[in-house]
Amino acid sequence: MQGHEERELSSLVKWSQASGAMWLHMLLLSGFNDQYSFPFTQLRAHLGATEWARRGMEFDNPKELEEFAAQKVKEMDMYEEALEEIEKSKALVDTGNMTKDMFIQRHL
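Numbering-wise (numbering that gives the first Met the number 0), the sequence shown opens with residue 0 and increments by one.
Hints may be right or wrong, so weigh each one.
What the hints assert, rightly or not - Per label pair, the in silico range of CB-to-CB distance:
#1 100 - 60: 42 to 50 Å
#2 104 - 8: 32 to 40 Å
#3 33 - 12: 22 to 30 Å
#4 106 - 9: 52 to 60 Å
#5 54 - 12: 18 to 26 Å
#6 28 - 57: 18 to 26 Å
#7 100 - 23: 20 to 28 Å
#8 107 - 47: 47 to 55 Å
#9 8 - 91: 40 to 48 Å
#10 107 - 36: 20 to 28 Å
What the hints assert, rightly or not - Think about it this way: if two alpha-carbon atoms lie no more than 25 Å apart in a straight line, the pair counts; the simulated PhoX-like pairs of lysine-lysine are:
#11 87 - 99
#12 73 - 87
#13 99 - 89
#14 73 - 62
Because the hints were derived from the structure by calculation, they are not lab data.
Fair warning: this is a prediction, and the values are worked out from it, not measured in the lab.
The beta carbon of each residue, even a glycine, is placed where N, CA and C say it ideally should be.
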């Protein structure tokens, strides 16, 4: 931006660059695409190969990953069942066969 050549970065931006937090923040916002995406490569470069490998080993637990995935599938099934019930109730509200108060009471 013209006219801002002499301005400094804020202390928060400087800290974010120095700590690598800016790359972690970008990863959290982007949805963890893959380890070769730009934010991942920058975070890996910031941490260094040894630290990156050490941290990767912390997640090398197939049994724990399977349990986590199974729990998430179970939670998704429960969510879909609850959503289906809410949609049925909303249809009843839309047709006048259920009051809004009844809907709220049922789904709180």
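| said: Hint by hint, where does the structure go against what was stated? Just the numbers, ascending. | reply: 2, 4, 7, 9 and 10
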